[in-house]
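Given chain Z, put chain B in place with the hints provided.
If you read the sequences in order, they're chains Z and B. Using my numbering, the first residue of the first sequence is number 1, and each one after it goes up by one. Using my numbering, the first residue of the second sequence is number 1001, and each one after it goes up by one.
One or more hints might be untrue.
As the list claims (entries may be wrong) - Here are some, though not all, of the chain B residues that point toward chain Z, as calculated from beta-carbon distances under 10 Å:
no.	residue
1	Ile1015
2	Phe1037
3	Ala1041
4	Ala1125
5	Gly1127
6	Ser1129
7	Thr1136
8	Asp1177
Honestly, the hints are just simulated from the structure, not real lab data. None of the values given here were measured: they were computed from a predicted structure. Beta carbons are placed, not taken as given, at the ideal position from N, Cα and C, and that holds for glycine.
These are the residues of each chain, in order.
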Amino acid sequence: MTTKDFTIKWLAYTLALLPIWFLEDFFLSRYPLWGVKPMLLPLCAIAVATLEGATAGAGFGLGVGLLFDAMVPSVPGAMILVTALLGLGAGLLAQYVLRQDLVGCFLCSVLALLAIDALRIGSRLLSGTASLGAMLTVAGREILWSLCFVPLVYLVFRWVFRRVPKATVL
Amino acid sequence: MKDFLKQNGILILVIALLLTLIVAVLSFTFGGIANPFANLAGIVATPFRNGIHAVVEWTEGIYSDVFERQAMESELEALRQENAQLRAQARQGEAASRENERLRDLLNFQQKHTELHTEPATVTARGSSNWSSTLTISKGSASGVKAGDCVIDQYGNLVGVIYEAGLNWSSLMTVVDVDLEIGALIARTDGAAIAEGDFSLMSEGRLKLSFLPEGTQLLAGDTILTSGLMSGGTATYPSGVVVGYVQEVRSDPGGTSDYAVLTPAADLSALEQVFIIKEFDVTE
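Chain Z extracted, bound-state conformation:
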């Protein structure tokens, strides 16, 4: 793959990320369902990791983490490393254990969302600012509502995946 191919490919993935970010940040955040809003940005990293593999997943996860960290209040910087690791993990799982399709993406998304909310619950438990029951309720609803968007996110990135060069060499 030439540098030009490489640039076009990742530019295409980045452009595909934008409408999903807009949907989450500008639209869905205004109209919560069951009192919660879905988390779509991590799903983007998981979808790319499922399609492209571990290295690309970690790289795209890093980029998504930068955006996530900038737009969503959390421990400063933490989501950069977390989404990179989730991208890596999802890529490995999809490549070697599951399949690189919608089902694989869905299962990886479940694990990724569970991991993110487990970290949030852990940090809130440490600071003692919320009860476990209340946090589990929010986490459960958030994960369920977010999972409804996995097919949409996966299909957007698969559409890009089918139109860009396949081999990723960094």
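Just chain B, lined up with the frame of chain Z:
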């Protein structure tokens, strides 16, 4: 895994770790000022947010005109009646105010006066996290906004406090956010308490009033004001700003103390215009 190692996967993870450390250090060093990545993302997003906000407002306006006309007419009638009652109360208040002024003059007391220096801003985005309650507004450090500034709505009700200021945007945590604690005053009894966010109440858009003075009998509808002190003891906003109204009184799970559930005075779900209090002078 071999592919991952061959394709510089480790390098990506090292870069992610370094970026994490850089962002964490920058955030802790320049507390309240957005880190460069967040600032850049905010600067790029602000024009889009403004545009989308305008479109959403326009659409919601049309929807209200078409489908909520009857409800709006009923609301208008209720507001007219309330207006008439408030005018009557204002007339009584004016008489009391004049009497108060005369008595102050007699006792040589200076009139308490609060002057606010505000900056108007538009709410451009609502926080997309379920773990905090935040809003993004259209003014930032270029307009003199800084972390810790208090934000009120057009009626003077407390909306929240700025926690991060970018160049042309700022993020504020609303009064229902778990991380916000405010020194509060019960208007009817003058008793001091703490108004704070509670995780289980946050999703319902409410907050709680804890550390109630002993023997306090709260009534539903009691007005809660800011005392002018943050829990740390540093005044960052004026006293007398309306935080919310008592909805009900509950007991802690242990049953050792009571707390009140408050409804914020500001309508957080429908906020469009806010005012950032950049400075204030209180003359006692």
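Okay, the hints, checked on the actual structure:
1. At a threshold of 10 Å, the smallest CB-CB gap from B/Ile1015 to chain Z is about 7 Å, leaving the interface hint in force.
2. Restraint check, B/Phe1037 versus chain Z: the minimum CB separation of about 5 Å is within 10 Å; hint holds.
3. Look at B/Ala1041: its Cβ gets to within about 4 Å of chain Z, closer than 10 Å, so that hint holds up.
4. Interface restraint check for B/Ala1125: the shortest CB-CB distance to chain Z comes to about 6 Å, inside 10 Å, so the restraint holds.
5. The beta carbon of B/Gly1127 is positioned within 10 Å of a beta carbon in chain Z (closest approach about 7 Å), and the interface hint is therefore held.
6. Given hint, B/Ser1129 at the interface with chain Z, holds; its Cβ is 5 Å from that chain's nearest Cβ, closer than 10 Å.
7. Below 10 Å, beta-carbon pairs count as interface contacts, and B/Thr1136 has one with chain Z at about 9 Å; its hint therefore holds.
8. With its C-beta approaching chain Z no nearer than about 9 Å, B/Asp1177 sits inside the 10 Å limit, and its interface hint holds.
Checked against the numbered hints above, the structure violates none of them.
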